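S.K.: When you get a sec, could you build the whole thing from the sequences and use the hints?
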Amino acid sequence: MDPTEIEFIAEGEHISIIPSFSIESVIHLISGDFGPFRAGFPQIVPLWLAVYLKQRRSCQIIQPDWMNVELLEEKKEEEKNSRYFTKMPSKHYMEISNILLDVSCDDIQFSNEIRTIIKDIWDIRISKLRTSVDAFIKMGGRHAQLTHLTQLEINSIRPLLPDAFNALQKLNKRDVVDHEDSALITDTFSMSARNEPSTSQTFQQDSVDITASLSGSQQSGLG
Amino acid sequence: MLPWRNCKKHYFSIEEILASQEKVPCTFRRTANQLGILDPSAEDGIIQKGAVVDIPLWLAKTLARPNHGLVKMQLPKIYKDVYRDSLVADASVVDLYKMSKFFYSFGKQLSDYDEANSKELRNLLTETFKNRFRQLMAWVQNMGVEEVITEKLDTLERKLLIDGRNAQNRLNNWLSNRVETIQAADMVMNHSKKRKFSDLEV
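Chain order of the listed sequences is A and B.
Per the UniProt record's numbering, the first sequence starts with residue 1, numbered consecutively.
Per the UniProt record's numbering, the second sequence starts with residue 1, numbered consecutively.
Because the hints were derived from the structure by calculation, they are not lab data.
Remember, predicted model here, so these are calculated numbers, not experimental data.
Take the hints with a grain of salt, since some may be wrong.
Unchecked claim - To give a feel for the contact side, a few chain B residues facing chain A, derived at Cβ under 7 Å: (1) 108; (2) 134; (3) 160; (4) 164; (5) 169; (6) 170; (7) 171.
Glycine is no exception: its CB is placed at the ideal position from the N, C-alpha and C atoms.
M.R.: Pasting the structure below:
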């Protein structure tokens, strides 16, 4: 998957804006209905719509609650001290902050600080991910828990991890290739084929019984 | 697409076909009269009993079948003794490409025919892969766009490296400037082209 595609998915997240225009009608979108818009009153819209309106200078984007310096500092410390991945305030934190800091820098307070902290958190998590992937392959684990990992982070180890894992599995498995072995398999097939008539007979008998009882019940029902 | 993405053996996988070209040392159990082409040093086209000749795996596995019993396959030296020791000691510095271009694929195929050593051989392959993976991952994530060191890697690792590099480059581009636009899938593009063409005809 391409990072741009994940960004596209992230653009479906909702965000509050303060429009500077008024429309009485409701906008019908696939993801739901939004509006009516009244100038000065906050309204929730998908991120892509907010970006579009912002670029036409007809709205002000309200900074998401989680996008403040103290909370992110806290998250960063928590992430640093934990062995596991911690829950992020948004499942698309990287993409959303990237878009918002790009498009509406003027609406966001302490945008530079936030940019740095988000990047720090990303770096910590990616290096953690890298060490755990290495440990996972080395230990020969069969499954991994991906709790609290965001989509973009999971995507950052594709296609390397799945491919390496497939290769390992293939190396581990013994394929049956010998002609003698394949001959053995056909033998067992023919044996089961010889057994088949008796089973099909019993099956037929069963089905006859069932239809008989069915027709009987139908008759009784009709009667 | 990597044939390795499928866990199943791939009949038309070009990698596996090429890997089966790798040579296996074989001991002749009988004197073979017409098979001199296999061994350039054979006199009068006759290979003597007990001679050791390197034969491609695809041929060797047929000749070694019990009903012929013409040759006896041996494990190639890259999976034995000194080479094995060096792999066990520190796999990440070994030049796999020099040992065999298809180290993993060839070894895997051999392990399918070698009943006695099958498990050991597969263990050697997986341990080697695991020990080299850290280095491979570091290269995938940190190598510059220009320099791509693939010299010491075998074909499987090269593929993983190149695919991983491409994905990492896309991520880096997105993180740094975000100028890319989403491309329509090839199928959609072809479909719309076809439709336009048929529209013109009508």
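S.K.: Taking the hints in turn, state whether each one holds.
M.R.: Hint by hint, here is what the structure shows:
1. The closest approach between the C-beta of residue 108 (chain B) and any C-beta of chain A is roughly 6 Å, which is under the 7 Å cut-off, so the hint is satisfied.
2. Annotation: interface hint on residue 134 (chain B) holds; nearest CB of chain A at approximately 5 Å, less than 7 Å.
3. Taking 7 Å as the C-beta cut-off, the interface hint given for residue 160 (chain B) holds, the closest approach to chain A being about 5 Å.
4. Interface restraint check: residue 164 (chain B) against chain A, minimum CB-CB distance 4 Å, threshold 7 Å, status holds.
5. Against a cut-off of 7 Å between C-beta atoms, the interface hint on residue 169 (chain B) is violated, since the closest Cβ of chain A lies about 10 Å away.
6. For residue 170 (chain B), the suggested interface contact is upheld, since its CB lies about 6 Å from the closest CB of chain A, less than 7 Å.
7. Hint status for residue 171 (chain B) relative to chain A: holds, with the closest Cβ pair at about 5 Å, below 7 Å.
In summary, the structure is inconsistent with hint 5 from the numbered list given earlier, while agreeing with all the others.
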